[in-house]
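Chains as they are written, first to last, in the UniProt record's numbering: chain A, 1 to 425; chain B, 1 to 425; chain C, 1 to 425; chain D, 1 to 425.
Everything labelled a hint here was simulated from the structure, so no lab data went into it. Hints are supplied without guarantee of correctness; some may be wrong.
For chains that are exact copies, the list does not tell them apart, and a pair is met inside one copy or across any two.
[Said to hold, decoys possible] Here are the simulated DMTMM-like cross-link-like pairs (lysine to aspartate or glutamate), alpha carbons at most 25 angstroms apart as the crow flies:
id, residue 1, residue 2
1, Lys192, Asp354
2, Lys172, Glu363
3, Lys32, Glu134
4, Lys111, Glu39
5, Lys140, Glu410
6, Lys242, Asp106
7, Lys246, Asp116
8, Lys192, Asp376
Remember, predicted model here, so these are calculated numbers, not experimental data.
There are 4 protein chains.
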Amino acid sequence: MKLSLDQIQDQNLSQISEHARNFEFLAESLEKKGIKVEELISKLQELQIAIPSWALGTGGTRFGRFSGGGEPATLIQKIQDVGILHALNQSSNAVSLHIPWDIPSDFQAIKDSAADVGIGFDAVNSNTFQDQAEQANSYKFGSLANSDSSVRELAIAHNQEVIAIGEKLGSKALTVWLADGSSFPGQHSMRKALENTHLALQEIYQAVPEDWKLLIEYKPYEPYFYSTVIQDWGTSFLLANKLGKKAYTLVDLGHHLPNTNIEQIVSTLMTEEKLGGFHFNDSKYGDDDLTVGSIKPYQLFLIFQELVKGFEETKNPPLSWMIDASHNLKDPMEDLLQSVQAIKLAYAQALLVDSQVLQQAQEIHDITAAQEILQDAYRTDLRPLLAEAMRRAGGAINPVKTFRNLKVRETLIQERGLKSIASGL
Amino acid sequence: MKLSLDQIQDQNLSQISEHARNFEFLAESLEKKGIKVEELISKLQELQIAIPSWALGTGGTRFGRFSGGGEPATLIQKIQDVGILHALNQSSNAVSLHIPWDIPSDFQAIKDSAADVGIGFDAVNSNTFQDQAEQANSYKFGSLANSDSSVRELAIAHNQEVIAIGEKLGSKALTVWLADGSSFPGQHSMRKALENTHLALQEIYQAVPEDWKLLIEYKPYEPYFYSTVIQDWGTSFLLANKLGKKAYTLVDLGHHLPNTNIEQIVSTLMTEEKLGGFHFNDSKYGDDDLTVGSIKPYQLFLIFQELVKGFEETKNPPLSWMIDASHNLKDPMEDLLQSVQAIKLAYAQALLVDSQVLQQAQEIHDITAAQEILQDAYRTDLRPLLAEAMRRAGGAINPVKTFRNLKVRETLIQERGLKSIASGL
Amino acid sequence: MKLSLDQIQDQNLSQISEHARNFEFLAESLEKKGIKVEELISKLQELQIAIPSWALGTGGTRFGRFSGGGEPATLIQKIQDVGILHALNQSSNAVSLHIPWDIPSDFQAIKDSAADVGIGFDAVNSNTFQDQAEQANSYKFGSLANSDSSVRELAIAHNQEVIAIGEKLGSKALTVWLADGSSFPGQHSMRKALENTHLALQEIYQAVPEDWKLLIEYKPYEPYFYSTVIQDWGTSFLLANKLGKKAYTLVDLGHHLPNTNIEQIVSTLMTEEKLGGFHFNDSKYGDDDLTVGSIKPYQLFLIFQELVKGFEETKNPPLSWMIDASHNLKDPMEDLLQSVQAIKLAYAQALLVDSQVLQQAQEIHDITAAQEILQDAYRTDLRPLLAEAMRRAGGAINPVKTFRNLKVRETLIQERGLKSIASGL
Amino acid sequence: MKLSLDQIQDQNLSQISEHARNFEFLAESLEKKGIKVEELISKLQELQIAIPSWALGTGGTRFGRFSGGGEPATLIQKIQDVGILHALNQSSNAVSLHIPWDIPSDFQAIKDSAADVGIGFDAVNSNTFQDQAEQANSYKFGSLANSDSSVRELAIAHNQEVIAIGEKLGSKALTVWLADGSSFPGQHSMRKALENTHLALQEIYQAVPEDWKLLIEYKPYEPYFYSTVIQDWGTSFLLANKLGKKAYTLVDLGHHLPNTNIEQIVSTLMTEEKLGGFHFNDSKYGDDDLTVGSIKPYQLFLIFQELVKGFEETKNPPLSWMIDASHNLKDPMEDLLQSVQAIKLAYAQALLVDSQVLQQAQEIHDITAAQEILQDAYRTDLRPLLAEAMRRAGGAINPVKTFRNLKVRETLIQERGLKSIASGL
C-alpha cells in the first residue's frame, strides 16, 4: 500500500476551512508579537524524525504480546509503512534499521523500495542482547563487557557487520545500545566490564567511517537488574570522550532513574559538544516506551527549549532524531503519528520562546517572569501552525484522522492478513 | 494596602482590546464545538481556592531562608495580602489559618479585617510538629502517635483549641497534618503508633462540629525519614473510615512517592466518597512545595479530569480547595497568583472534555482517540476564557501583570519595611 | 530424579564437624543471653515456603530469554524438582501452581507424584494477563476490569475453573494477580475499571470454598505503564474488606514504588487482620524478581521483625508463604535454595529480638538502644542454627553445596536434555 | 570533659571475658579459612574517619529542630567532643570544619586543644548556601553559578579564605558542596550556570595548595527543587577533569536519585583515578542524613567491596573519609559512634572477600557462587574483630555502652547546660 499526494489532499479539503480560520488567527497573533511565522514553518518542516523499524509492529512485555493485524512481516513492508507515515506528515523521511531483525538480503530492492516512498536510512542499530538461532556463543552474560573474549569478538564482529550493512544503505550512524550488566552483586567485576566495553568499542570505533557517528546509549537497568555497564550519561560521555570525535552520547528519554532532570543532561552534553541524538518516547515509571508526549508533555517542551538554545549557543553538531517506542496497545502507525506530532509541537513551542527576553529575566533573577515566558510559549496552541507546515509540504492537516479516513490499517490487513507479525520485541 | 475595583479596571483598560480579540475567537471556536462558554465561565468563577496564611511569607529549607521584603508580620497583614490576591483574581475568597503561627487574639478585629476585603476562613490547621516556647512536653518523638500519653493529650488539646478558634471565625474544617513517624527502624512500634493515632483522632473527632470536616493528610516521609504514621492514602482512608462520616482524606500533591499515579487515588477516594480536599502545589522530587503547574501541568489536568468526572459520577461531597506551597525564591504573592491561574486553567481544560465521547472511545478500546480527546482539551489555549471569567467578576485580565503595574510589593515594603518576616516555616 | 535421605546424609558427613563447632558455639552464646535454642529450631523447621511452579524454569525479560538445561517440561517434572529442593532443605513442602501453564490432566497421577516426594499444593494462581491459543476474547485491554462484559465473564470463569482444580489438589487459596490497567491517560475509566473488578471479584469470591482464602495482589505498574487497577495495598485492602472474611491482601515484595516502607504495610495489614501472604523476591528497581535477600537483606529482616511481632500482637490468621522470582541467569533450583535460606535466616534473626527489651527502649525514646537491639539480632551469624534445623529435619547442612555435590543439574540434563524449556514466562 | 585511657580500660574490664571468648572463636574460624587476622586488625585500626564539626549538635529539618542538651557551643567544645569519640573508638583522629560555622579566632588555642585530645584537621568545608549577617550580596539565587559576577566573586573569596584557614590548621583538602541550582524551569540558564561554576572553581583551584585536594560534591536536588548545577557524579567528574589533578569527586551517600547504583559510581571513579572521598550517612528517601548503616547496611558493604578492590586494582590516591549526618533525634555523639562502627564493620566484611576466588566465579559466570562468596563475608559476625582492633588501640570494646557507662552526656550537660546549642544546621 502507498498513499498518494492526491489522496491526502482530498482529505485535507474537508478540513481546510476550519484549519484556515485557526491558522490565520494564530499567525496574526504571533506576528503581532514579532514572531516570524514563515521562519517557524520552515524550521518545523525541516525537522525529520526517523522511524525505527521495530516500532511498526506491536511490542510486548515479558508477560505477553498482543499483536494487532496487518503488521509488516518483511523489511520491505516496514519501509512501506514508513512511506505511509511520511506521506501523511512529511516528517519522517528515514527508517532506522535494527539488525538482525531486519537484515536486508537484496540491497538494491530495499533501496528501491525506500526511494519509491521518499525515505532514506538513518542510524543502524546493532543487537547483542539476544541470541540468534545459529549463534556460537551466548550473550546471556553480556556481549562487549563479557569476561569471555570469544563472546566479545562475536559482538564486535556483529557491530562491524551492521556498519557494513549501513554503508550499503547510506546510513551515517551506528547506534549501540548495550544491555550488558549484572543482576546480582558480585556477578561480574564492574571495573572489568567497563574496561572490556571500552576496548571493544574501540575496535568498533575503528570500523566507523569518518563521516559517521557512533551513538552510545545509556540506561540504568533492564534487562539486568543490579547494574548496567553504561548506566548513565556520565558513563556514556566518559566512553565517547575516550573513543574520539566520532563518538557521541545518545539520550533515550526512558533510560533514566526516577525524577532525573533530563533537560539538564541535554544542556551539559551540548555544551561539551557530545550530544549525538535522541530516542524519543515517554514514560511514567521506567523504560515504558510509550507514545511521545503522552505522559509528560511539559518535560518534552523543556528538553526542546534546551535544544533550541543549545543550537544557538554551542557548536554541538546536528543530531540524529529517532523515535524508540514499543506499541503494545495502540495501532503502531497511529502511535507513531501521534509521537511525531508531539515532538514537532514541542519544538514549535520552544522556538516561540524569546531567548533574549528570557535571558534578561534570568539575569535579574525574575523567576516569576521566566516562568511566564516559558509557559506562555508552552500554552500557546500551535497545532494550526504545525498543521500548516505539514499541509504545505504535501502532508495531511490531521495525520491521524487522515490515516483513519483513508482506511490504511484495514487495507494493510487485507493485504497482509490479520495474523501477520513483525519481527522485533 | 488594599486594592480597589477601580484600580484593577484601570489596568484592564490597556489590555482589553487584545483580550477581547482572543476571547472572541476562542469563544466562537468553542461554541462551534457545542461547548457552552457561559457555563464554563460560571463554573470557573465559582471555583475559589483558599490561601494558606503561611504561604504569604518566604518559606525556607533546612539550609536557610532568604526572606523578601514587605512580608506580613501579623495575621491582619496576612488577611490584607489575601484580600489583595482576591481583588486581583476574584478566586481566593478565603484564608486557611495555621495555629499557633496565626493565633487570633481579637477575633472581632480579625473578622472585620477579613470582611473588609471580602474573604472568609477556610480550614484551620493544627501544628503538632513543632514545640512552642512554653510547651510542657515535646513533640520531638511524635504527638498523637507518641507512646507518652501526656504528649498525646497535649496534642489532642491543641487540636480541640484549634477547632474552637475555627468556630469563632466561621471555619468549617480542621486539617490535621501529622508529621509523626520514625527516622530509624525500631524507633517506635509502628502498630502502636497507628493505634495511638487512631485513638487520639477519635477524641479530636468528637470535638469536630457536625457541619465540619476533619481532613486527614498523608505523607510518606519528611520530617521523619524511615516511616510516617499516616504514610499513604490507604492509611488516611483507613482512619477516616474508622472515625466516621465527618472524616475525609486530604490529598497534598507533593506527598507521594516517586511516580505515584495521584489521579487514580483521587478517582478511588471519590468513588468511596472520602475525598475531603486538596493541598495544591507542584514538585519534581519530594514535597518540594513549588508553584502549582510549574513542573507537571499535564498531571494537574489529569487530576482535574478525574475531579470533574467524579463530581458527575459519584456522591463525594464538595471539596476544600487549598494551596500549600512554600515560596523560597519568588515573591510569595506572585507565586500564589500563578498557582491559582494554573489550578483554574487545569479545571477549565478538564471541563472541556466531552465525557460521553471519551466514554465511547473507552468502551471500544480506541486508545488513540481517547488520547486525542484528552490532549485536544489540554492543548486548547483557554487563558482568554479564564481572563474573561476573572474580568467579569471584577478581577484583573492578567493578575500577575496587574500586581506589578500597581506596584503592590513596593507599597507593602514601604508600609512594612524590608526586613519584615512572616511567621511560619 | 529424586534425592534420598541417605544421599543427603552422606554429604552432611563431610561438613558435620565444622558445623558442629559453629553450632555449639552459637548455641552456647544464645543460651547465655537467655534465648531458647530448641524453640528457635522448632520454629525454623515449621516455616515452609511454597515454590511456584513457574520459577523452576528460566524466566525472561521482554528483551529475551536464555534458557538453561534440564528444565522441567511437564508438571510432574516440576513437582520432582520441588521434591528435590524439599529433600535438600526440608523447607518447601508445597508447590504453587499457575494455571493454565500447569493444568493437571490426570489429577491422581499428579497427586501421587507429589505425595511421593512429600509435597502438597499451596495457593493456585489464575492467569488473565495472557491470551491462550483457543481463547474467544482477548485480555489485551484487561480482564476483570474490562469494559466488555464477555471478557470479564471469561476471566471470572477461568478463576472459577482454577478454584475447581485447586480443590481437587487440596489447595486452600486462590491468588489473583490482576495485570489490568492502562498505559495511557484516558484509556479507560479508572472508576469503572475498579468497579468492574470489584463486581467480578465478588463472583469469584462466591466460588471460593469456606476454608479457602482469596489472596489479592497489588502492583503499581507493569505490564501496563500508566495505571494499574489494583495499584497499591490500599486498593487491595479496600477490595478485600468489601469482599468479606475470606479475602486478604497478598504482598509481593517487588510490587512497590521506589522507597516504599513495606514493613509498615505489613504491620498495618496485620493490625487489620487482612494480611494473607507473601510473594518473596528481591529487587533494586522495579519488579525485578531477583533472589530473595540478594539486594536488600536488612529490609527482609525488618519485614520479618514486623511479622514476628504481628503474630504476637494481632489476630491475623496464618499466612501463605510463597516465592515469586524469575530466574534469568542462575540455575533456577540454586536460586530457589538461596531464596529459602535468606527467608529463614531473616526469620531466625527476627526471632532473636527481645520484644520486651525493645519495647522498653521505645517507650523512653531510646533510639540508639533500639537500633542496637535490632542490629544485634541482624548481625548475629545464625547460619549454623539454620543448618542445624535443616539437618535435624533430614535436610542438608548446606543445600546449595549439596545440590552441586550430588550433581543434580547434570542428572536432570541427562534425563531431560539440554533444550528442555519450562512453560511460563 | 576528656576521657582518659584508664577510664576506658576500666570499662573494658567488665566486658573482657565475654569479648575474649567471642574473639578467639572468630579468630580461629577465620584463620582456618586462611585469613590473616592480624593483618585485618591492622587495616581496621588504620582506617580513621573524620567527624564533621556540624554533626556534634542536633540538626533540624525545615519543620523544626529539637535540640538535646550539652551541645558544644564553641569550636573548642566541638574539638573536645571529637576527642571523646576518638578516645572511645580510636577511629576518628580528625575533625572536618565548616566555615563560617566554626571560624577559628585563636588558631594556636584551637590547635592546642586538638593536639591535647590527639586529633587533627581534615578537609575544610566552605558554605555559600547561606547568607551571613554582614554579607554584601546574597546567595539566594546561587553563588559560584550566579549570573551576578559580584556574588561569584564573594563566593570565590570565601573559598579562598577557607583554604587559608585550613592551611593554618594543617588541613589538606577543601570540600566544596555547591547548593546552586534552580527551583523552576527557566529560572537560570543551566549552561551558563555550569560555565560560571567552572570558571569560579578554576579560580578557587588556583588557590588550592599543591599537596591539597579539591573535593567536589554532587547532589540531584535540595535546597533547589528543579535543577542543581552539579547534579550527579558525571558533572562533578567533568569539572574535576577540566580543573586538573588536584580536583576530585566526593561521594555523599545521600546525594543520589532513587535506586542509584552507588557502588558502580565508586568503581568507575576509582578506575578513572578521580574518587576523592566520602561523606558517609544513610538514607531511605533523599538526603536523609541518617546514621551510617541504619537503613541499607548491605549497600554499604558493597561499596566497601568496590573500595577494597579499587585499592588493589587502580591507582586512585588515598581517600578523605568523612561522615556527614544530621542528628535530629539521637544523641549526636552516640549517633557518630554507631556510624563509625558501621563503616568499619563494612570495611572488615569487604576485607574478608577472597578476591581471587570471586574472580574465578565471575569468569565462569557462576553467579550463585559469587553471591555465596559475598554474602558469606557479609554474614560473618565480625563485631568481635572490630572490638579487638579498637581495644588494642586503647579504645573501648563497646564504645556506645562505654559512652553511657561513663555518663558522658550527663557530664557535658552539667558543664555546658541543657540549652546549649551548636552552630550549624
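So, going through the hints one by one against the coordinates:
1. Taking identical chains as interchangeable, the C-alpha atoms of Lys192 and Asp354 lie at most 25 angstroms apart only when they sit on different chains, with a minimum of 17 angstroms there against 48 angstroms within one chain.
2. In this assembly of identical chains, the alpha carbons of Lys172 and Glu363 never lie at most 25 angstroms apart, being 40 angstroms within a copy and 36 angstroms across copies at closest.
3. For the homomeric pair Lys32 and Glu134, neither the shortest alpha-carbon distance inside one copy (65 angstroms) nor that between copies (48 angstroms) is at most 25 angstroms.
4. Proximity of Lys111 and Glu39 under a CA criterion of 25 angstroms is satisfied in neither setting, with 33 angstroms inside one chain copy and 57 angstroms between copies.
5. Taking the shortest Cα distances, Lys140 and Glu410 sit within 25 angstroms of each other only across copies (20 angstroms), while inside one copy they are farther apart (40 angstroms).
6. With identical chains, the CA atoms of Lys242 and Asp106 are never at most 25 angstroms apart, being 37 angstroms at best within one copy and 49 angstroms at best between copies.
7. In the homo-oligomer, the alpha carbons of Lys246 and Asp116 never lie at most 25 angstroms apart, since the shortest distance is 31 angstroms inside one protomer and 59 angstroms across protomers.
8. In this assembly of identical chains, Lys192 and Asp376 lie within 25 angstroms of each other by CA distance solely across copies; the values are 23 angstroms between and 50 angstroms within a copy.
Checked against the numbered hints above, the structure violates hints 2, 3, 4, 6 and 7; every other hint is satisfied.
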